[in-house]
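Asks: Chain A is fixed; fit chain B onto it per the hints.
Sequence lines, in order, name chains A and B. With the working numbering, letter number 138 in the first sequence gets 219, and the count goes up by one each step, no holes. With the working numbering, letter number 27 in the second sequence gets 108, and the count goes up by one each step, no holes.
Some hints here could point you the wrong way.
[Unchecked claim] The list that follows gives simulated cross-link-like pairs (lysine-lysine, BS3-like), each with its CA atoms no further than 27 Å apart:
| # | chain 1 | residue 1 | chain 2 | residue 2 |
| --- | --- | --- | --- | --- |
| 1 | B | K199 | A | K192 |
| 2 | A | K184 | B | K128 |
| 3 | B | K128 | A | K128 |
| 4 | A | K199 | A | K184 |
| 5 | B | K128 | A | K199 |
| 6 | B | K184 | B | K199 |
| 7 | B | K199 | A | K199 |
| 8 | A | K128 | B | K192 |
These are computed hints drawn from the structure, not numbers from a lab.
Protein chains: 2
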Amino acid sequence: MANLIQALQQTLEHEIPLTQHLELQVLAYDEQGLTLGAPLAPNINHKRTAFAGSLNSVVTLAGWGLLWLVLQEQEIAARVVIQDSSCSYLRPVNDDFTAFCQKPTSAEIAKVAEALHKRGRARIELRVEVRNTTGVAVLFTGRYVMMRSEP
Amino acid sequence: MANLIQALQQTLEHEIPLTQHLELQVLAYDEQGLTLGAPLAPNINHKRTAFAGSLNSVVTLAGWGLLWLVLQEQEIAARVVIQDSSCSYLRPVNDDFTAFCQKPTSAEIAKVAEALHKRGRARIELRVEVRNTTGVAVLFTGRYVMMRSEP
Numbered sequence: 082m083a084n085l086i087q088a089l090q091q092t093l094e095h096e097i098p099l100t101q102h103l104e105l106q107v108l109a110y111d112e113q114g115l116t117l118g119a120p121l122a123p124n125i126n127h128k129r130t131a132f133a134g135s136l137n138s139v140v141t142l143a144g145w146g147l148l149w150l151v152l153q154e155q156e157i158a159a160r161v162v163i164q165d166s167s168c169s170y171l172r173p174v175n176d177d178f179t180a181f182c183q184k185p186t187s188a189e190i191a192k193v194a195e196a197l198h199k200r201g202r203a204r205i206e207l208r209v210e211v212r213n214t215t216g217v218a219v220l221f222t223g224r225y226v227m228m229r230s231e232p
Numbered sequence: 082m083a084n085l086i087q088a089l090q091q092t093l094e095h096e097i098p099l100t101q102h103l104e105l106q107v108l109a110y111d112e113q114g115l116t117l118g119a120p121l122a123p124n125i126n127h128k129r130t131a132f133a134g135s136l137n138s139v140v141t142l143a144g145w146g147l148l149w150l151v152l153q154e155q156e157i158a159a160r161v162v163i164q165d166s167s168c169s170y171l172r173p174v175n176d177d178f179t180a181f182c183q184k185p186t187s188a189e190i191a192k193v194a195e196a197l198h199k200r201g202r203a204r205i206e207l208r209v210e211v212r213n214t215t216g217v218a219v220l221f222t223g224r225y226v227m228m229r230s231e232p
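Same shape as in the complex, but just chain A:
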């Protein structure tokens, strides 16, 4: 897992330069899911809480990163893009924050792998949460499309 975490961190920094300004960190990845983190300072807004655009960037990347990791594990070369998303900003985030994206079940991953092998394309909906000390602060749902790369 440690190698995968490092590889995702490098991929994000290299391929999406804005992540360096967000000071995005890949914190943990296991069978439960992926956790990304970012400090408040570079993402602050006029109310001294996290800017909605920064929060949305981090949750969007938590879903994208989770699929990137799953595709690595499945040894499938595919591109991942977001199709649409909805995001509720339930409570202010007034400290450094983390975003957690739950990993799909083995059955869901098998379905994605089968669709990519058969049709070269798969779609999945992922849920990401940002929590603070009082509970869920941001709730995000994103639909992502995966397209198999030409061999």
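Replies: Below, chain B alone, put in the same frame as chain A:
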């Protein structure tokens, strides 16, 4: 209008430092609405198109900025926060881009002003579009809450 545009630019740069990394520019404001712009280079992703998180930041700020301007015009001191949003990424954005937020009608603005004066709180839904040469590339709907500041 020129003074208001400059004041919004300064407010965004000062209060949301990430906008400087997005290289966000307040381009135009008139009775039709507000146009923000950003170059592709600082907002690029792994597919050489605009990163969804950057697009989402710019459309979120187009709605926020429009309400900031309307409140200035109405001479009402109020804070604006986003409550929830949905965003469809319809086409890739592979060049510098603009986000346009349509201004509410005079009747809608009067309703907001009345709610803020009477109850200290108002809510509004705004639609923002990012267009490229082939049509609408990103379609965003955001619900914002305005809270009157203590006099």
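Asks: Now, for every hint given, state plainly whether the structure supports it.
Replies: Structure-based check of each hint:
1. Taken as a hint, the K199/B and K192/A pair is broken in the structure, with Cα atoms around 54 Å apart against an allowance of 27 Å.
2. Under the criterion of a C-alpha separation no larger than 27 Å, the hint pairing K184/A with K128/B is consistent with the structure, at around 24 Å.
3. For the given pair, K128/B sits about 34 Å from K128/A by alpha-carbon distance, which is inconsistent with the 27 Å threshold.
4. Between K199/A and K184/A the CA atoms are separated by roughly 23 Å; this keeps the pair inside 27 Å, and the hint holds.
5. Proximity of K128/B to K199/A is assessed by CA-CA distance (about 24 Å); at most 27 Å being required, the pair is judged to hold.
6. At most 27 Å may separate the alpha-carbon atoms for a hinted pair to count; K184/B and K199/B meet this at roughly 23 Å.
7. A threshold of 27 Å between alpha carbons decides the hint, and for K199/B with K199/A the separation of about 60 Å lies outside it, so the pair is violated.
8. A C-alpha spacing of about 25 Å is found between K128/A and K192/B, which places the hinted pair at or below 27 Å, so the restraint holds.
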